[in-house]
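Given the sequences, and given the hints that come with them, work out the whole structure.
There are 2 protein chains.
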Amino acid sequence: MKVTLQQVLPNEIEKRSFQIIEEEMGQLQLDPEVAPIVKRVIHTTADFDYLRTLTFSPGAVAKGIAALREGASILTDTQMARSGINKAALAKVGGEALCFMSDPDVAQAAKEKGTTRATACMDKAAALGGNLIIAVGNAPTALVRLHQLMEEGKIAPRLIIGVPVGFVNVVESKELILSSSVPFIVARGRKGGSNVAAAICNALLYLATGRAL
Amino acid sequence: MKVTLQQVLPNEIEKRSFQIIEEEMGQLQLDPEVAPIVKRVIHTTADFDYLRTLTFSPGAVAKGIAALREGASILTDTQMARSGINKAALAKVGGEALCFMSDPDVAQAAKEKGTTRATACMDKAAALGGNLIIAVGNAPTALVRLHQLMEEGKIAPRLIIGVPVGFVNVVESKELILSSSVPFIVARGRKGGSNVAAAICNALLYLATGRAL
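Here the protein sequences line up with chains A and B, keeping their order. As numbered in the working numbering, residues 152 to 364 make up the first sequence, in order. As numbered in the working numbering, residues 152 to 364 make up the second sequence, in order.
Restricting the straight-line Cα-Cα distance to at most 27 Å, the calculated cross-link-like pairs of lysine-lysine (DSS-like) are:
{"#": "1", "chain 1": "B", "residue 1": "Lys342", "chain 2": "A", "residue 2": "Lys153"}
{"#": "2", "chain 1": "A", "residue 1": "Lys342", "chain 2": "B", "residue 2": "Lys153"}
{"#": "3", "chain 1": "A", "residue 1": "Lys262", "chain 2": "B", "residue 2": "Lys243"}
{"#": "4", "chain 1": "B", "residue 1": "Lys264", "chain 2": "A", "residue 2": "Lys166"}
{"#": "5", "chain 1": "B", "residue 1": "Lys342", "chain 2": "A", "residue 2": "Lys166"}
{"#": "6", "chain 1": "B", "residue 1": "Lys238", "chain 2": "A", "residue 2": "Lys342"}
{"#": "7", "chain 1": "B", "residue 1": "Lys275", "chain 2": "B", "residue 2": "Lys243"}
{"#": "8", "chain 1": "B", "residue 1": "Lys262", "chain 2": "B", "residue 2": "Lys305"}
{"#": "9", "chain 1": "B", "residue 1": "Lys238", "chain 2": "A", "residue 2": "Lys264"}
{"#": "10", "chain 1": "A", "residue 1": "Lys238", "chain 2": "B", "residue 2": "Lys342"}
{"#": "11", "chain 1": "B", "residue 1": "Lys166", "chain 2": "B", "residue 2": "Lys342"}
{"#": "12", "chain 1": "B", "residue 1": "Lys275", "chain 2": "B", "residue 2": "Lys264"}
{"#": "13", "chain 1": "B", "residue 1": "Lys264", "chain 2": "A", "residue 2": "Lys153"}
{"#": "14", "chain 1": "B", "residue 1": "Lys238", "chain 2": "A", "residue 2": "Lys262"}
{"#": "15", "chain 1": "A", "residue 1": "Lys238", "chain 2": "A", "residue 2": "Lys166"}
Derived by calculation from the structure, the hints in this document are not laboratory data. The model shown is predicted, which means the values in this text are computed figures rather than measured ones.
Dropping the structure here:
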């Protein structure tokens with residue numbers, strides 16, 4: 152079988168990918184503020200569904216960029232999402248990528264309270280405080296608890312990236328965030344993932360640090 | 152806005168998710184050998200496209216399980232995929248999760264040869280040898296180089312999980328693997344990802360270790 156590869160230099164692959172995404176979007180015009188986020192998510196997933204599911208609260212992108220430039224850290228609900236965040240770009244603006252899922256005190260608290268570890272992570276985040284963007288790519292229970300903590304005035308993230316994936320309470324957890332007054336970027340519906348969460352964080356970081364794309 | 156959450160115990164969420172996936176598949180019957188892999192990928196992505204894109208060489212699942220039970224290590228092309236692999240399950244069968252993407256010698260080799268780091272990772276894998284399952288969730292250049300090294304008799308992975316995502320040479324790199332005689336699990340088309348690669352590894356690990364689901 153004959154397979155013909157496109158000749159693209161290593162450092163041109165990302166640029167060419169974005170060109171293809173734009174070509175396939177055709178006449179569709181995205182709001183320029185959100186376009187870099189949406190395109191990076193499609194680059195990460197090859198899934199054009201995100202054109203219609205990604206939902207932004209007013210000024211969410213600008214608020215995320217401002218938070219990052221003020222040294223906000225990014226808290227994720229999986230090690231996988233944390234692993235996908237561009238640490239060099241985050242370090243440039245003075246932030247850290249955090250995830251509490253493997254912390255023994257989180258496992259202990261979840262066991263004692265009969266919750267998920269993701270729920271216990273949000274409790275830990277509320278207790279620690281700080282300047283935080285919270286990116287949830289996996290556990291709807293994290294979003295549900297986060298919403299509850301916000302209602303109780305116990306946490307006030309600068310931005311919530313709400314893109315858990317799956318079948319049980321995923322759609323509902325996103326509706327909770329969509330109905331709140333917190334700045335958010337949410338992928339409506341069942342789709343999302345740790346890769347999507349990391350892609351959104353990286354798109355914001357590239358905007359915050361002036362990197363091309 | 153009133154959002155009603157389903158009441159599901161933390162340790163029941165995964166089981167309930169798989170039930171929903173099966174319900175939505177309706178009358179569709181999957182080959183029992185590949186069903187656990189396909190369902191776990193849908194669980195990870197909420198994307199039923201994988202029902203038609205996931206492609207298995209004959210006996211690929213059995214070969215993957217056998218390799219893991221013989222202590223094969225899993226080499227990934229991203230730290231993110233490595234991060235998503237269930238290390239406890241892998242340790243049970245004596246394997247390790249490896250990724251060379253952050254290794255200084257890989258960066259150096261890629262720079263010298265004008266290739267991607269993913270390409271250089273495959274060269275490193277060939278040089279080191281060993282009992283390997285190779286899971287590519289991101290870089291088509293890794294699959295292209297891997298195919299070339301196999302043709303040259305320089306590497307013989309026990310199984311290739313070929314699920315890179317994207318727009319430049321992704322489809323083509325998968326066609327190379329589909330046309331080869333190596334045992335493979337490939338997601339045809341543009342979709343895939345580090346999360347998909349990790350999900351397939353974990354599904355194999357759960358089969359290899361006798362974990363439910």
